[in-house]
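2 protein chains.
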Amino acid sequence: MAELVDERVTPQAVGGVEAVIAALSAHFGSRLTTGRALREQHANTVTWLPNEAPDAVVFVESTEEVQRVVRACAAHGVPVVPYGTGTSLEGQINAPRGGISIDLSRMNRVLAVHAEDLDCVVEPGVTRKQLNEHLRDVGLFFPIDPGADASLGGMASTRASGTNAVRYGTMKDNVIALTAVLPNGEVITTARRAKKSSAGYDLTRLFVGAEGTLGVITSLTLRLAGIPEAISAGVCGFPTIRSACDAVIATIQSGIPVARIELLDEVQVKACNLYSKLDLAEQPTLFLEFHGTEASVHEQAERFGELAAEFGGSAFQWATRPEDRAKLWQARHDAYWACLPMRPGAKALATDVCVPLSRLADCVDETKHDIEEMGMIAPIVGHVGDGNFHTVTLVDMNDPQDVAKAKLFIGRMVERALAMGGTATGEHGVGQGKRKYMEAEHGRATLDAMRAIKQALDPLGIMNPDKVLP
Amino acid sequence: MAELVDERVTPQAVGGVEAVIAALSAHFGSRLTTGRALREQHANTVTWLPNEAPDAVVFVESTEEVQRVVRACAAHGVPVVPYGTGTSLEGQINAPRGGISIDLSRMNRVLAVHAEDLDCVVEPGVTRKQLNEHLRDVGLFFPIDPGADASLGGMASTRASGTNAVRYGTMKDNVIALTAVLPNGEVITTARRAKKSSAGYDLTRLFVGAEGTLGVITSLTLRLAGIPEAISAGVCGFPTIRSACDAVIATIQSGIPVARIELLDEVQVKACNLYSKLDLAEQPTLFLEFHGTEASVHEQAERFGELAAEFGGSAFQWATRPEDRAKLWQARHDAYWACLPMRPGAKALATDVCVPLSRLADCVDETKHDIEEMGMIAPIVGHVGDGNFHTVTLVDMNDPQDVAKAKLFIGRMVERALAMGGTATGEHGVGQGKRKYMEAEHGRATLDAMRAIKQALDPLGIMNPDKVLP
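Residue numbers (my numbering), protein chains in the order written: chain A, 2 to 471; chain B, 2 to 471.
Read the hints as simulated data drawn from the structure, not as lab findings. Heads up, the beta-carbon is just placed ideally off N, CA and C, and yes, glycines get one too. Misleading hints may appear alongside valid ones.
Taking lysine to any residue and the SDA-like style, the derived pairs with C-alpha atoms no more than 25 Å apart in a straight line are [said to hold, decoys possible]:
(1) Lys-348/B / Lys-369/B
(2) Lys-455/B / Arg-445/A
(3) Lys-455/B / Lys-130/A
(4) Lys-406/B / Pro-342/B
(5) Lys-455/B / Asp-449/A
(6) Lys-130/A / Gln-254/B
Stretches of chain A that chain B covers, calculated by requiring three or more beta carbons in the stretch to come under 8 Å of a beta carbon on chain B [what the hints assert, rightly or not]:
(7) 101-115
(8) 171-179
(9) 182-192
(10) 287-297
(11) 379-390
(12) 399-407
(13) 437-443
Please construct the entire structure, taking both the sequences and the accompanying hints into account.
See the structure below:
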């Protein structure tokens, strides 16, 4: 491991890592590895943040094993970095101070499904697709859908959301309770399985979005939804981004319980046409989906059509057959991959902000203006029903000027969102990448309160250090 | 104040209170009072918990004034007890160690309504009825409805919910952000106005339900809903509590987006008939309300009717005219008052538990069995779509045996709920009354984590001491 020693790590900590590895090896055997390739796979690979590998990766299979690792790390002051599927976008799984990556992918059992209560209990390594496969026979589904087939523990940790959030909420709304190993090795369960409670501090929501900085989630009780009796989807083009955004605002305000309402700008539509073999008009476009009974789905679509027409929307193009609907959403989920061929050799940097709905058109408009002004390729795609949108900036990582320009652009995008009452990230989380914006977003006193909580639960600072809090 | 000095208060603290009162008098003048009647009004009056009055009450008018009070109290180690409307049910406003009650009722301005974003910003003393009056012209409403016309700050602090929660969620789901004065006098704002965010720890949800033990809420950004185009309501009787509960489970499972679904047992129906001049059959009865478009409301009601019939439900009796609907819900909200004449001279003790929906029928059945066995009068009424129900136990407070029996009954009810995977309180909060159940509900390690957070934010222990945490 010597080649990976970071100068920030004190000699004691280095000794600590070796002691932890020695202590854990007897128990974990080949499930603990210090091989470089696997360590590098367990650190950030999807963005421009440097790959900062842990000193070792351990594949745990139970809460007790997580406790064992955390206790060993606590005893030697060694960092612990929880790992799900590695799909986070802000460097959440990097190990800038080395330490042990806890790979939770083998904790992938669905522990219980309570169909009458519309909930289930899962281990953190269960992925959302695996869960939905498991649930299909009982007529239920887990609605949170961040695109990637992420682990549910990781989705909780980053407070993920995605296309269905406008109707079904985010992870914060769909985790009923969770079990976590605290930095001191103790196991807590944050709540009962009851649908609501007023019994004490909401530790569930404190852990959702904490990005593994307060402990390691080892099970989750999740809220489920019934598979809708009827689903209809389709697309609707608009002359401008602003008219599309205005149609979204009108839709939300009028109370149409739309299940998905996604914006693709004309650049993204072009990319998706090529990548996913669609033949959409290259204009700002909304992808929509309605859930309900046959009658209500019909009514929702009709009402949306009337509103869209008021804002110059094209006739609503239906995707009624399940395979057409699947193709449409697959294209939406592949938006990131669709961008890559637009600039061969470039890296695609996905970032997100979220603003109050009333400022969405302004924010997207100004962002597009920036993209043009700066001469970049950066398609826009967004969960616009929540005021949340992404840019996928294509960057030549070998060109320092191009990298600098992209960094400037993302910084301006965040500052713009904050100035509009928005947030630096609607769903990707803070990780390493957005720590620098936290003081501007929250102010010093609020950050100090967060730091006090971190210090109270993790006085040694071993849990996923250098993430979230600057 | 000497007559109110509690033996637990150290001489230093007593001196401290006097110093605080002296320090604040110059600024607050007649807005600070030490008169006994007003002090006693600012402590618990609605349950069997003793009235434990603060040493003084101060009527604040701004966040800065809250800071001024908290800083003075912090300087002298004197307790701070936030006060909204005094309608909490577990002694949340009592001052067992004396100190200063901060009356927030004059901070009652609606600061902003953002109709396009479906949100508003209010001071904590705004009551829910005041807010809904204010919103009427913009076609929006705030759906959380705990019955009492409570202050929104108090509702957030106790994580209130009520009849609409099955559709619109609880305070946890409807507070977007809040501003609070911390025990050290600093002001924090927990989040931006964006509909969602992944930027850091969820301090919003930490303060919602903290019952004023972590700080004083001084403003709230609340999520609003559109006033539904169509509303229909009605009642449906069932042969047994179990059949009514089964109908509720089937309704929720089938995805009917019912806005309200409330259970009254036959005892409560009888009480409401007498008190509110209804003529319902004296049997377990569901009160329902549907929100949506004309067509969807019709469809929802029709579907519910079909399900209810399967479980032996009577024909659905409509309350179509707004005045009939209002009468129905007024009767529901007056359920507490309706109980009182059933045992003249008795005190009505409302308590609540919440269990997973699948255990609701068992829990209510066993609770009713207890009531009969113990020879008590204790009508049952509940937000059964959430698995949450209340008993209103009528107790002769002058008969120690009767009091002991009621305490035993409530203790058994909580233990039963916990054994069924439920919680000691679905919406009333912990206050003083339910602290003794917190270890059974959460376990020691989880309570220790809550205590660590309390200690981190309130190291002097001045914020609403002896509440929530045992």
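8 Å C-beta criterion, at least three residues: is the region 437-443 of chain A covered by chain B: holds (count 4)
Given the hint that Lys-130/A pairs with Gln-254/B, does the C-alpha gap stay at or below 25 Å? Holds, at roughly 22 Å.
How does the region 399-407 of chain A fare against chain B when you require at least three residues with a CB closer than 8 Å, holds or violated? violated (count 0)
Counting residues of the region 101-115 of chain A with a beta carbon closer than 8 Å to any beta carbon of chain B, are there 3 or more? Violated, because only 1 residues of the region 101-115 of chain A bring their Cβ atoms closer than 8 Å to Cβ atoms of chain B.
With a cut-off of 25 Å on the C-alpha distance, tell me whether Lys-406/B and Pro-342/B pass. holds (20 Å)
Are there three or more residues in the region 171-179 of chain A whose C-beta lies closer than 8 Å to some C-beta of chain B? holds (count 3)
Coverage of the region 182-192 of chain A by chain B (three or more Cβ within 8 Å): holds (count 7)
Would you mind confirming whether the straight-line C-alpha gap from Lys-348/B to Lys-369/B stays at or under 25 Å? holds (19 Å)
Holds or violated: the region 287-297 of chain A covered by chain B, criterion of 3 or more residues with Cβ-Cβ distance under 8 Å? It holds, with 4 qualifying residues against the three required.
Under the criterion that the straight-line Cα-Cα distance not exceed 25 Å, is the pair Lys-455/B, Arg-445/A satisfied? At roughly 20 Å apart (the allowed maximum being 25 Å), Arg-445/A and Lys-455/B satisfy the hint.
Below or equal to 25 Å on CA atoms is what counts here, so check Lys-455/B against Asp-449/A. holds (14 Å)
Against the 25 Å threshold, does the CA-CA distance of Lys-455/B and Lys-130/A hold or violate the hint? violated (38 Å)
In the structure shown, a violation is registered for the earlier hints numbered 3, 7, 12, in ascending order.
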